[in-house]
Amino acid sequence: MSEPFEPRLLGLLCSWCAYGGADTAGVSRLQYPPNIRIVRVMCSGRVDPLFVVRAFEQGADGVLVAGCHPGDCHYATGNVFAEQRFARFAGLLDFFGIDRRRFKLAWVSASEGARFAAVVTEMTEEIRALGPLKMKAPAWQA
Amino acid sequence: MASLIEQQIRTRASTLLAEGRIDGFVGYRQGSGPLRVAPFVARAPAEVEKLVWNPVCAPNLAGALRKYAGQRAGVALKACDARSVAELLRLHQLDRERLYLIGVPCRGMLDPEKVTATAAGRVTSLAEEGADVVIGASGETLRQERAGLLLAKCAGCPAAPAEWFDETLHEDVPAPPVGDRFAAVRALEALEVAERLDFWQRHFSRCTLCYACQTVCPLCFCKECALTLERDDPRRLAREPASVFAFHLMRAFHLAERCTGCDECERVCPEDIPLSLICRKLELDRLE
Chain A
37 MSEPFEPRLL GLLCSWCAYG GADTAGVSRL QYPPNIRIVR VMCSGRVDPL FVVRAFEQGA
97 DGVLVAGCHP GDCHYATGNV FAEQRFARFA GLLDFFGIDR RRFKLAWVSA SEGARFAAVV
157 TEMTEEIRAL GPLKMKAPAW QA
Chain B
37 MASLIEQQIR TRASTLLAEG RIDGFVGYRQ GSGPLRVAPF VARAPAEVEK LVWNPVCAPN
97 LAGALRKYAG QRAGVALKAC DARSVAELLR LHQLDRERLY LIGVPCRGML DPEKVTATAA
157 GRVTSLAEEG ADVVIGASGE TLRQERAGLL LAKCAGCPAA PAEWFDETLH EDVPAPPVGD
217 RFAAVRALEA LEVAERLDFW QRHFSRCTLC YACQTVCPLC FCKECALTLE RDDPRRLARE
277 PASVFAFHLM RAFHLAERCT GCDECERVCP EDIPLSLICR KLELDRLE
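Keeping their order, the protein sequence lines are chains A and B. Position one of the first sequence corresponds to residue 37 (this note's numbering), numbered consecutively onward. Position one of the second sequence corresponds to residue 37 (this note's numbering), numbered consecutively onward.
Simulated from the structure, these hints should not be mistaken for laboratory data. Some clues are possibly wrong.
[Claimed, not checked] From the structure, some residues in chain B lie toward chain A, with a derived Cβ separation under 7 angstroms:
#, residue
1, Val229
2, Trp236
3, Ala278
4, Ser279
5, Phe281
6, Ala282
7, Lys317
8, Arg322
The structure displayed is predicted, hence computed values, not measured ones. Cβ atoms here follow ideal geometry from the backbone N, Cα and C, with glycine treated the same way.
Could you put the whole structure together from the sequences, leaning on the hints where they help?
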């Protein structure tokens, strides 16, 4: 009676670009997988890697952080900070054994509804292929 | 039969305290056996006789020093401690004006566990003789080559810059031990991602979330930590694997720019989780 695996994605989208992009995708009736849950943040630079780790801890199979294209940040440099921070963070995720494809940083502008739909579709399919992120129970519980 | 370095440290500490240049001198005192030392602060010239310097002075004094931040303190630092102190100074946690730093030449510290493993029975004495150490255990004496008993972190130790100290103690000391400190980390990185997840989960499954690694870390100095779970938090009580994993991953990220590779986290870990691999990884990332 096992159900087919449906990945659970968390999207942390910047209020000015990516969230607008998601809105555009909706308004223009573009289809994209319903697996993503979206949280609006004021800037991709606001996203603490702790948010991503907590998402994985609480059962997310993948996390998407999306913000404005470089140079377009509403707060001038927020996305630059995000990029530097997550470059280091992605390396550590990999070192600890979480597949790099489970975490994605993407730039989506408010007008790019099609791009947002494409990013979410691609990521959902990748993670569907990877399977669920499972933390095994410790030996003393098994 | 104090060693030359020990005598020099005592003399200097005594003089500095007597001159009133410092309020306390941070060093080591002998612990509950020949293989144990504990950080100790001598506050008067009469107390300097308790200061020791021996081949198992591994604990990082930077952590002890941070507790006395704001006071005028003298301290004897080996290279790894000095790197931690330099990092604390960079992060404005210590005031350089109030410190008197003495550089101590170090040719690597011994791993008490390795020493215990070589001897049958309880180790009752430990002495250095040239390139060897003489271990006394249950009435017998053993002679072992020093290089074989060193802590893993001592291999390929990048020495601290001498000009940075207020003074450096001189003794004819050979260069720190050589070796590839990144061999284990590179081996782990060569594995498949899934195998690495398996590796870490196997080790983290022993973690009891005692937070000793965080408490001992000289560079974890936030007053309140976003990662620490309350004692009665269900995730902590159940040692939720995902929560343990999240803690270690975020601890690594928070230390990414700071970790100086003193390996205190691994030394204090009651479950022997190889946390030094994380330190080496961070070090490697910064080099690249």
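Against the structure, the hints:
no.	hint	in the structure
1	Val229	5 angstroms, holds
2	Trp236	5 angstroms, holds
3	Ala278	4 angstroms, holds
4	Ser279	6 angstroms, holds
5	Phe281	6 angstroms, holds
6	Ala282	4 angstroms, holds
7	Lys317	5 angstroms, holds
8	Arg322	10 angstroms, violated
The structure fails hint 8 only (numbered hints given earlier).
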